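Going line by line, the protein sequences match chains V and E.
Per our numbering, the first sequence starts with residue 1, numbered consecutively.
Per our numbering, the second sequence starts with residue 115, numbered consecutively.
Hint data in this document are derived by calculation from the structure and do not stem from the laboratory.
Predicted, not measured: the structure shown is a model, and the values here were computed from it.
No residue lacks a Cβ here, since even glycine has one placed at the ideal position from N, Cα and C.
It is possible that some hints are incorrect.
Unchecked claim - In the DMTMM-like style, the derived pairs of lysine to aspartate or glutamate whose C-alpha atoms are separated by at most 25 Å in a straight line are:
1. V:99 - E:701
2. V:99 - E:269
3. E:632 - E:620
4. V:99 - E:698
5. V:99 - E:270
6. V:99 - E:570
7. E:632 - E:315
8. V:54 - V:69
As the list claims (entries may be wrong) - Okay, the calculated bits of chain E under chain V, using three or more residues with CB under 8 Å as the criterion:
9. 258 to 271
10. 275 to 288
11. 292 to 303
12. 349 to 360
13. 699 to 711
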Amino acid sequence: VSFLPYVVAAWLFLIGLWGVVSSTNLIRTVLSLTIVQSSTYLVLLGVGYRSGGKAPILADIPTSSKLVDPVVQVLVLTDVVIEATVTALLLALVIQAHKRFGSIRPADLRALRD
Amino acid sequence: MTHLTALPIVVPFVAAALLVATGTVLPRWLQDCLAIATAVAAATLCVLLAAHASQQPFAYWLGGWTPRRGVAIGISLSVDPVGGGMAAFASLMVIAALAYSVHYFDAVEGLFHGLMLLFLAAMVGFCLTGDLFNLVVFFELMSAVAFALTAYRVEERAPIQGAINFAITNSIAGYAMFIGVAMLYARTGALNMAQIGAALDAHRADPLVVVAMTLLFLGFLTKAATVPLHFWLADAHAVAPTPVCVLFSGVMVELGVYAVARLYWVIFAGPLGPHVNALRAILIAAGVITALLGAWMCSVQRHLKRLLAFSTISHVGMLVCAVGLLGAKGIAGAILYIVAHGFTKGALFMCMGVLLHRFATVDEFDLHGRGREIPFVGVLVVVGGLLLAAAPPFTAFAGKSLIESASSDAGYGWLIALFVVVSAATGGAVLRVAGRVFLGWGPDTGPDPGQMRAAEERDDETRDRREHTPIAMMAVPGVLLIAAAVVVFIPGAFPGVQRAAARFTDHAAYGQWVLGGKHIRWPRVQISHIEALDVVYALIAVAGAFGAALLGLFGRPLRDALPSAIREPTRNVLHRLRHLHSGEIGDYVTWWTVGASLLGAVCLVALT
Numbered sequence: 001v002s003f004l005p006y007v008v009a010a011w012l013f014l015i016g017l018w019g020v021v022s023s024t025n026l027i028r029t030v031l032s033l034t035i036v037q038s039s040t041y042l043v044l045l046g047v048g049y050r051s052g053g054k055a056p057i058l059a060d061i062p063t064s065s066k067l068v069d070p071v072v073q074v075l076v077l078t079d080v081v082i083e084a085t086v087t088a089l090l091l092a093l094v095i096q097a098h099k100r101f102g103s104i105r106p107a108d109l110r111a112l113r114d
Numbered sequence: 115m116t117h118l119t120a121l122p123i124v125v126p127f128v129a130a131a132l133l134v135a136t137g138t139v140l141p142r143w144l145q146d147c148l149a150i151a152t153a154v155a156a157a158t159l160c161v162l163l164a165a166h167a168s169q170q171p172f173a174y175w176l177g178g179w180t181p182r183r184g185v186a187i188g189i190s191l192s193v194d195p196v197g198g199g200m201a202a203f204a205s206l207m208v209i210a211a212l213a214y215s216v217h218y219f220d221a222v223e224g225l226f227h228g229l230m231l232l233f234l235a236a237m238v239g240f241c242l243t244g245d246l247f248n249l250v251v252f253f254e255l256m257s258a259v260a261f262a263l264t265a266y267r268v269e270e271r272a273p274i275q276g277a278i279n280f281a282i283t284n285s286i287a288g289y290a291m292f293i294g295v296a297m298l299y300a301r302t303g304a305l306n307m308a309q310i311g312a313a314l315d316a317h318r319a320d321p322l323v324v325v326a327m328t329l330l331f332l333g334f335l336t337k338a339a340t341v342p343l344h345f346w347l348a349d350a351h352a353v354a355p356t357p358v359c360v361l362f363s364g365v366m367v368e369l370g371v372y373a374v375a376r377l378y379w380v381i382f383a384g385p386l387g388p389h390v391n392a393l394r395a396i397l398i399a400a401g402v403i404t405a406l407l408g409a410w411m412c413s414v415q416r417h418l419k420r421l422l423a424f425s426t427i428s429h430v431g432m433l434v435c436a437v438g439l440l441g442a443k444g445i446a447g448a449i450l451y452i453v454a455h456g457f458t459k460g461a462l463f464m465c466m467g468v469l470l471h472r473f474a475t476v477d478e479f480d481l482h483g484r485g486r487e488i489p490f491v492g493v494l495v496v497v498g499g500l501l502l503a504a505a506p507p508f509t510a511f512a513g514k515s516l517i518e519s520a521s522s523d524a525g526y527g528w529l530i531a532l533f534v535v536v537s538a539a540t541g542g543a544v545l546r547v548a549g550r551v552f553l554g555w556g557p558d559t560g561p562d563p564g565q566m567r568a569a570e571e572r573d574d575e576t577r578d579r580r581e582h583t584p585i586a587m588m589a590v591p592g593v594l595l596i597a598a599a600v601v602v603f604i605p606g607a608f609p610g611v612q613r614a615a616a617r618f619t620d621h622a623a624y625g626q627w628v629l630g631g632k633h634i635r636w637p638r639v640q641i642s643h644i645e646a647l648d649v650v651y652a653l654i655a656v657a658g659a660f661g662a663a664l665l666g667l668f669g670r671p672l673r674d675a676l677p678s679a680i681r682e683p684t685r686n687v688l689h690r691l692r693h694l695h696s697g698e699i700g701d702y703v704t705w706w707t708v709g710a711s712l713l714g715a716v717c718l719v720a721l722t
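With the hints as extra help, turn the sequences into a complete structure.
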């Protein structure tokens, strides 16, 4: 078992969180969020990896070949779809924020104050 | 019968797509009819499924991929009476929200109806699915639709900011859950919840299982707005359109608590069995802090939708305690309480919607005495306040009594005092609003004028003439309040819920009926009854609610008379707390990270 993917994943998760926390630009915030999410891809793919395993497409290789786990790859696909949806939605909101607040600095969004 | 299982998810999906596709052509009344008809169909199906499952719970394998020799490759919808019942409850709330929005606001080209039906499909799927990854995907779908619904009035400033905060915090929570799923898959090679549970039975609680559990619970507790993961909730509720708030507060947030219970009993009950006391303490600690912070913030709000939002946080804290007791009786109480709270809170949000529709503001002081024009709504708000305070002998009271009895059984008898405080503070806040708005009691100016601006309606959320409130806008909350009160009096409901909860918490049986399709012979369940002492506690809470309301209305001289040694520190703490709810996404994510690290550290130390 190689721990490298999990170390990189933990790093991406944390650096992404730091990006969201420290961001002074909403576009950067949204992109940092996608970095957090990319850590989930690495964890999923790392879980399914077999050393020396082939891509799980059985059309042109013998069915007895050693394969990486196809299930996690399907999960990552679903994950990518979710990322696309949420990122698109958030970027649309950022455009609206720019129109209405005249700024995309998170600190300038002051419609809600308790 | 079981072939109908997928329909309450599929039908709203298809109807949503049709409504969006034909939105520009169809007249508004037809869109309303189609959307409501779809929700009614989903509700009927869910009720049928729940009734069928109460005889015998069953798993439906999509595409016929049934398990072979106990190994599940396919995806199951595992329907038990609790899951089916929650799905039915969610569908009923969607019907109410759609019926209310007929007169409420101008939907644009079928989008609103489409989103509401997608939301319905996601909630039903979330309740019925038996597959862990599926659960997380329905969670994400529910979230994405909720973000869009929050920002439905996208031309305004506040909804944009509220939706951004909501989207970022909940997305991070969702990603944590993906990692949790991956870890469990790595450990067990399974995604079906029953199969993961069976595989973990032989395992001790090693760090990998505990971290996976923490990550999954983090996601659901973020949705359930547990302190300090709760910041998104007040922002989203304050800015979302009222019919959407009804669903957020009434169902979506509670589904987070439901999922924590489901995951514990199906997956983690085996390995964490030896550590049950530690896990109980952790969940109850989180619940207590949430309940208290929510109750306090609720009682100092003047923006009425924010007030109800913090009230929801407080009640959810109580539900986290109930589920955290990790026993069947606590679950039974939580189910009754979720239904009663959902209907009541939905009705109260609808009443606030009437105020917004008529007076274009939801600021308590700005509305001083103006509610006299609509006395019927005042009656509804008072009834709602009393039901929120769990006045006997209605549904919330029955649920709360069960939770109290479960707390005593588990050695957490002091929780009863907390529940009295929650009921008194949140019920009292609503009664105070009723007194000020509909009777004109108390002063008409208050602190924090900043909230007043936020409470005003800038762009028209509502439609129609303002002088006249449509009957339907008052009838729907009225019906919801009646439902909230009388659900428990349906013959067989009270013992039935306890039986369902006992089966819900049967870890071994779940694996047998899902993977083996076995017919389970259930043991007899000892049915608890409400005791005289519960009535006494409830009456204290109701009296406390009236007291809190009067104090809020007329207590200002009293507060000024307090020695400054008490007054100043309280004011400072409150000021700091308000300042924390800054509306800045960076702060919220910082708090989320702090909460996540804390929960992770405590779980790793206490549970491995």
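Taking the hints in turn, this is what the structure says about them:
no. : hint          : result
1   : V:99 - E:701  : holds (23 Å)
2   : V:99 - E:269  : holds (9 Å)
3   : E:632 - E:620 : holds (14 Å)
4   : V:99 - E:698  : holds (18 Å)
5   : V:99 - E:270  : holds (10 Å)
6   : V:99 - E:570  : holds (21 Å)
7   : E:632 - E:315 : holds (19 Å)
8   : V:54 - V:69   : holds (9 Å)
9   : 258 to 271    : holds (count 8)
10  : 275 to 288    : holds (count 10)
11  : 292 to 303    : holds (count 7)
12  : 349 to 360    : holds (count 3)
13  : 699 to 711    : holds (count 5)
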